[in-house]
Amino acid sequence: MELQRSMVDGSVCMKDSAKSEISSERTLYPYVTGTSIIGMKYKDGVILASDTAGSYGSTLRYKSVERIKQVGDHTLIGASGEISDFQEIMRYLDELILYDKMWDDGNSLGPKEVHNYLNRIMYNRRNKFNPLWNSLVLGGVKKGQKYLGTVNMIGTHYEDDHLATGFGNHLARPILRSEWREDLTFEEAVKLIEKCLLVLLYRDRSSINKFQIAKITDEGTTIFPPYALKTFWGFSHFQNPSKGAAGTW
Amino acid sequence: MFRNQYDTDVTTWSPAGRLFQVEYAMEAVKQGSAAVGLRSKTHAVLGAVNKAASDLASHQRKLFRADQHVGVAIAGLTADGRVLSRFLRNECINHSFVYESPLPVSRLVVQLADKAQVCTQRSWKRPFGVGLLVAGLDETGAHLYYNCPSGNYFEYQAFAIGSRSQAAKTFLERRFQEYDTYSREDLIKDALFAIKETLQGEKLTAQLCTVAIVGEGEAFHIIDQQTIQEYIDAMELSTGGPDEEAAAAAPPSAEAQEGGEGASSEPAPMDI
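In order, the protein sequences belong to chains H and B.
For what it's worth, the numbering used here labels the leading residue of the first sequence as 1, then goes sequentially.
For what it's worth, the numbering used here labels the leading residue of the second sequence as 250, then goes sequentially.
Treat each hint with caution, since some may be false.
Said to hold, decoys possible - Pairs of lysine-lysine, DSS-like flavour, derived with a Cα cap of 27 angstroms: (1) H:K195 to H:K69; (2) H:K101 to H:K146; (3) H:K210 to H:K43; (4) H:K195 to H:K43; (5) H:K146 to B:K290; (6) H:K69 to H:K143; (7) H:K63 to H:K112; (8) B:K418 to B:K438; (9) B:K452 to B:K279; (10) B:K364 to H:K101; (11) B:K452 to B:K364; (12) B:K418 to B:K290; (13) H:K142 to B:K290; (14) H:K195 to H:K63; (15) B:K290 to H:K112; (16) B:K279 to H:K101; (17) B:K300 to B:K374; (18) H:K143 to B:K290.
Stated by the list, open to error - Residues on chain B that point at chain H, a partial pick, calculated with CB under 8 angstroms: (19) D256; (20) V347; (21) Y348; (22) E349; (23) S350; (24) S355; (25) R356; (26) T389.
Quick caveat, the hints were computed from the structure, so don't treat them as lab data.
These numbers were taken from a predicted model, which means no experiment stands behind them.
Even for Gly, the Cβ is constructed at its ideal location relative to N, Cα and C.
The shape of chain H in the complex, shown without the other chains:
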């Protein structure tokens, strides 16, 4: 019995020299996961926000995971889903940007190009039944043009003025649909984002009270240090919870 790596798709399997392959390793389910990403365009550029949690199933195992990263000069990427696959994606993208920089010719890959490249990777992996188990949001600005797109593990991709992954789609997007405007200033945009993040903190059990906001404009990228939001639990129903059923906890 020995391990053998397939030349076709890189999957590793056990092989007995007398018999054929016994098992093959492909992504079947995710292990360490990140929850929602929220992204939106605002007046000067694009904002991405997320919490910094890495869950191991139902355990909030890692609490300082950076799920939003910079890709080249013009793009930010935020990932939910399997963290190790996100790290793999970052290797692909860093290599892409490196080769792009090596041309040193005045041209550069913008967010649209990075998004499409990533989509090709995600869709190809999906076709081989070995997906990168992520939903990603890509935001960027190039020559004044703002871009915000998403791509996920099955290769579905689209652009919009505001986007979210996972629970964010259900909890944050409705807020954004009614309150987002084209000309939000940075401060207004952050307030709106924090409103969404707070809802996610209350209602998504995989989220924690430690958030990161990142913005990208024509001038450049800033990923702010993590911070916490103020929560309110003083609702009347939470006072004396055993009122209706004595002895309960």
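With chain H held as given, fit chain B onto it using these hints.
For chain B alone, kept in the frame of chain H given last:
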């Protein structure tokens, strides 16, 4: 010349540090019929002389579109030019597919030049016998490049290749400094005048030449014969050409003579 000893294959250097096979390939470019290119900040124009081998034949195609934003004019071995055009189209479409955006022209010409270089360093290959004028538009503006069989490439404001291209180059050298701000129409007129210079006396008609343009808001396309003939007629109306110094310096044979060809009244069989 005493260079026959070192010119048998491309992987043999001469004592003077030359690769004669590569230089012979560049000779093939000089023998092909002329092609010219010029650009402004926003547009690039390519022109070529199309002369059929006989009245019975159609002329060789010299202008090829590689993508919406790039095209080439070739001079030399047309077959090699066709193969390289297919390569350019492939590179452009591959890039568009992966990145959903047009391949920057400077990167396309580097890929083309690298392909040409390979053929100068393999004993079982020969250099491509074709020179290409690559005209295109990307986010850094309009560009014109010349790709050599040697694997070198150069960027130009205006250039001409092929037989009798020196006459066109002389004309372009006088005018190129203003090209950055030229309008699209003036670029086309100058391209036609440059082509006329290479004809050295023959009457310029729309059947004899092909012109293509690419620019902001304008995909690469070959301009139809009728429009070209209108440009030519307009050129002839004004005294001897686009400007006075050109008329004084160049031999005034071009516009004065009536060309002997009766065929200029009918379109040639395989006209673009």
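Tested hints:
1. H:K195 to H:K69: holds (22 angstroms)
2. H:K101 to H:K146: holds (21 angstroms)
3. H:K210 to H:K43: holds (26 angstroms)
4. H:K195 to H:K43: With a Cα-Cα distance of about 18 angstroms, the restraint between H:K195 and H:K43 holds, given a limit of 27 angstroms.
5. H:K146 to B:K290: holds (25 angstroms)
6. H:K69 to H:K143: holds (21 angstroms)
7. H:K63 to H:K112: This hinted pair is violated, its Cα atoms lying about 31 angstroms apart.
8. B:K418 to B:K438: holds (15 angstroms)
9. B:K452 to B:K279: holds (22 angstroms)
10. B:K364 to H:K101: holds (22 angstroms)
11. B:K452 to B:K364: violated (38 angstroms)
12. B:K418 to B:K290: OK: B:K418 and B:K290 at ~20 angstroms, within 27 angstroms.
13. H:K142 to B:K290: holds (21 angstroms)
14. H:K195 to H:K63: Holds, because 21 angstroms separates the two Cα atoms, which is no more than 27 angstroms.
15. B:K290 to H:K112: holds (25 angstroms)
16. B:K279 to H:K101: violated (37 angstroms)
17. B:K300 to B:K374: violated (30 angstroms)
18. H:K143 to B:K290: holds (18 angstroms)
19. D256: violated (35 angstroms)
20. V347: holds (5 angstroms)
21. Y348: Since the shortest Cβ distance to chain H is 4 angstroms, the answer is holds.
22. E349: holds (4 angstroms)
23. S350: This hint holds: B:S350 lies near chain H, its Cβ roughly 5 angstroms from the closest one there, short of 8 angstroms.
24. S355: Hint on B:S355: holds, closest Cβ of chain H at ~5 angstroms, below 8 angstroms.
25. R356: holds (6 angstroms)
26. T389: With a closest approach of 5 angstroms, the B:T389 hint holds.
Checked against the numbered hints above, the structure violates hints 7, 11, 16, 17, 19; every other hint is satisfied.
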